[in-house]
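Chains as they are written, first to last, in the numbering used here: chain E, 1 to 323; chain B, 1 to 316.
Among the hints, a few may not be true.
[As the list claims (entries may be wrong)] Take a look, some chain B residues computed to stay more than 10 Å from chain E by CB distance: (1) Leu-110; (2) Thr-126; (3) Leu-159; (4) Gln-176; (5) Ala-209; (6) His-211; (7) Ala-215; (8) Gly-219; (9) Leu-220; (10) Ile-242; (11) Val-273; (12) Pro-308; (13) Asp-312.
[To be verified] Cβ-Cβ distance ranges computed for the label pairs, FRET-style: (14) B:Arg-309 / E:Arg-125: 39 to 49 Å; (15) E:Glu-296 / B:Tyr-123: 19 to 29 Å; (16) B:Asp-312 / E:Arg-125: 47 to 57 Å; (17) B:Ala-73 / E:Gly-157: 43 to 53 Å; (18) E:Ala-87 / B:Leu-314: 22 to 32 Å.
[What the hints assert, rightly or not] Some residues of chain B that are not near chain E, with every Cβ distance over 10 Å (derived): (19) Ala-5; (20) Ile-6; (21) Leu-152; (22) Phe-218.
Keep in mind the hints are simulated off the structure, nothing from the lab.
In this text, a Cβ means the ideal position worked out from N, Cα and C, and glycines have one as well.
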Amino acid sequence: MNPPLLEIDALSIAYHTDHGKLSALRGASLIARAGEVIGIVGESGCGKSTLAASVINLLPHAAQVTSGAVRYKGQDILTLPPEAQRALRGQDIAMIFQDPMTAFNPVLTMGAQLVDFQHAAQIPRAEKLNRARALLTRVGMPDPDLTLRRYPHQLSGGMRQRVAIAAALLMNPTILVADEPTTALDVTMEAQIIHLLRDLRREYQGAILVITHHLGVVAELCDRVYVMYAGEVVEEALVDDLFHAPRHPYTSGLIACDPGHFEQAAPILPTIPGRLPDLRNPPIGCSFAPRCPLAETICATPPPRVQISPTQSALCHKAGGQP
Amino acid sequence: MLTYAIKRVALAVLILFVVMLAMYGMVFLVPGDPASVALGPRATPALKAMLTERMGLDQPVAVQIWRFFTNAAQGDLGIDVWSKRPVLDQILEAFPQTLLLGTVALTWALTLGITLGVLAVVYRGTMIDRALGLISVSFISVPSFVVAIYLLLIFAVWLQWLPAIGAGKAGDIPSQIKALILPSIAVGIGWVGYLARMVRASMLEIMAANHIRTARAFGLPERRVVTRYALRLAIVPTISVIAVGLGSILSSAVFVETVFSRPGIGTLITGAVFKRNYPVVMGTVLVTTAFYLLVITCADLLIAKLDPRVRDALAR
């Protein structure tokens, strides 16, 4: 097996808020190898966007890494000097952001921004424009020359997300992080963007991280999945195992609640009762226990990480038994 | 863009017209017949009649207004009732003085205000930020004529470093510069505080925007992110504030020029009001209003030029 390109090792991140310290990530670990598409799923507030931001160390001011490491090709990027971190951004590790409406500067043309994003390349401006043009064609923009002259507000949401994908591919990065790439789009646009990403992964050599709360996106795009809950990775599995043999009750709950998975005509959409625990004061035991249908007294103690197979593990007292 | 420019200019002309009508209204609302007030208790009826006629106040209001606008359109603002000099000449003498004072005051206020604002952003949350906030708010709260009187007291009367009154000797540049220092501080000090607060707020907002995160995520150098991506955007709202600032500096010049006895539009207008010198009052108001509208219209057009979103919204 390839050595990992990206290795997030027991990363804990806390936010300083007015009401105390909030643990957004609690010992989350993740591995991504070249050629893999990794999915990170979970509901809002589970820490998946914090995890994405930590990959390029673009965390908000209030965030503080309390322990752990983010290793890119074996080197911890969190301890690199700021200039070395900056040199990786956009060149080795590129991001596709959630909201294409606000992701671009409103007073600069797309062309100006796409050229700026290639600042590290020592090639003339005309060549940078050519590269941008080629990638815009690649992501299916009908008139690349016109797009380059456009301002962001003159493009539709789906168009902007295509441009954002083209921008991320400009410097041919080894890791591509897509933070909720389809969340802000309507269903038709979402299908088109998923189609585009699937298309791209066939020729892409690096690793792709897709952060989403949408299981449909995971099923369409990913090879392996990390399920997050309350700042922890609660289950890790190959995409087929995840859908067919989930071992963590939270994963089963998520699948049961997915409208796309929900085949039989039922009068109401199932939900997981309860809310996320208060992360200013995380529970000692299993953080999902208050909402878990299988919870027992033992769940008040810290759950073990049960290795089910070389590719699947779950953070649950009950994962040892048969699914 | 062109239709927008035409619309803006037409609107400016309309505003000017309404302001002048309001001015006419005010002349008649102020108690006392202008001629009797101007001439004092010992005026003879013959003198009063002569003055009333000279000011054109014997005509029906509609005729007066018509005359004023037709003459003004031809560049004739009437004759000073007392000195018999053309009003336009007096304004052309006084206006550059006020404009110089306003420009100098706004220039240093902008420089200092933006610097303090950016410093507050760089050191946000620290003692420096809090101290700058305190200084800015106190600068905003103190009226310019109070500042002017204290400046006079300290630097002109006690220390005797700078002249107390006047605009310096004609042709003597150093004396003119010395005479500008205190008045321009009095005019600009409130603006320093205001600009510092505004730049801090808008920079903080923009630096937290998603597109700034995008620029950083592509590894753009921080200096480039601040100047090309943040400041370029922060400038847009600042332009309209500067335009309004130049206008309000004209009005604070009325106080400051009076305190420092500087020649200028402020002293011209206060003198004229006290002497009920209506042609001068009307002419001065017309010119300052026109100048203010010119600046604001230019600012609006500049904003449309700089912000493609505004431009497109207008084209629709």
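Comparing the hints with the structure gives:
No Cβ of chain E comes within 10 Å of the Cβ of Leu-110 (chain B); the nearest lies about 21 Å off, and the non-interface call holds. At the 10 Å boundary, the C-beta of Thr-126 (chain B) stays outside the reach of chain E, the nearest C-beta of that chain being 13 Å off. At the 10 Å boundary, the C-beta of Leu-159 (chain B) stays outside the reach of chain E, the nearest C-beta of that chain being 45 Å off. With a cut of 10 Å on Cβ distances, Gln-176 (chain B) stays outside the contact zone with chain E, its closest approach being about 40 Å.
The beta carbon of Ala-209 (chain B) is not kept farther than 10 Å from every beta carbon of chain E, the shortest such distance being approximately 7 Å. Not every CB of chain E lies more than 10 Å from the CB of His-211 (chain B), the least distance being 4 Å, so the non-interface label is violated. Ala-215 (chain B), annotated as away from the interface, has a beta carbon of chain E within 10 Å; the closest lies near 7 Å. At roughly 4 Å from the closest C-beta of chain E, the C-beta of Gly-219 (chain B) falls inside 10 Å, breaking its exclusion from the interface.
A beta-carbon of chain E is positioned within 10 Å of the beta-carbon of Leu-220 (chain B); the least distance is around 6 Å. Remark: the non-interface label on Ile-242 (chain B) is consistent with the geometry, its nearest Cβ contact in chain E lying 18 Å away (cut-off 10 Å). Annotated as non-interface, Val-273 (chain B) keeps its C-beta farther than 10 Å from every C-beta of chain E; the closest such distance is 45 Å. Taking the minimum C-beta to C-beta distance to chain E, about 4 Å, the non-interface status of Pro-308 (chain B) is violated against the 10 Å cut.
For Asp-312 (chain B), the non-interface assignment is contradicted: its Cβ lies about 7 Å from the closest Cβ of chain E, within the 10 Å cut-off. Judged by the Cβ atoms, the range 39 to 49 Å given for Arg-309 (chain B) and Arg-125 (chain E) is violated: they are separated by roughly 25 Å. At about 53 Å, the beta-carbon gap between Glu-296 (chain E) and Tyr-123 (chain B) misses the expected band of 19 to 29 Å. Taken as a hint, the range 47 to 57 Å is violated for the pair Asp-312 (chain B) and Arg-125 (chain E), whose Cβ atoms sit roughly 26 Å apart.
Remark: the range hint 43 to 53 Å for Ala-73 (chain B) to Gly-157 (chain E) is upheld by a beta-carbon distance near 52 Å. Range check, Ala-87 (chain E) to Leu-314 (chain B): about 42 Å between beta-carbon atoms, so the 22 to 32 Å window is missed. Remark: the non-interface label on Ala-5 (chain B) is consistent with the geometry, its nearest Cβ contact in chain E lying 20 Å away (cut-off 10 Å). No beta-carbon of chain E is positioned within 10 Å of the beta-carbon of Ile-6 (chain B); the least distance is around 24 Å.
Against the 10 Å criterion, Leu-152 (chain B) stays outside the reach of chain E, whose nearest CB is about 45 Å from its own CB. Phe-218 (chain B), annotated as away from the interface, has a beta carbon of chain E within 10 Å; the closest lies near 3 Å.
Checked against the numbered hints above, the structure breaks hints 5, 6, 7, 8, 9, 12, 13, 14, 15, 16, 18 and 22 and satisfies the rest.
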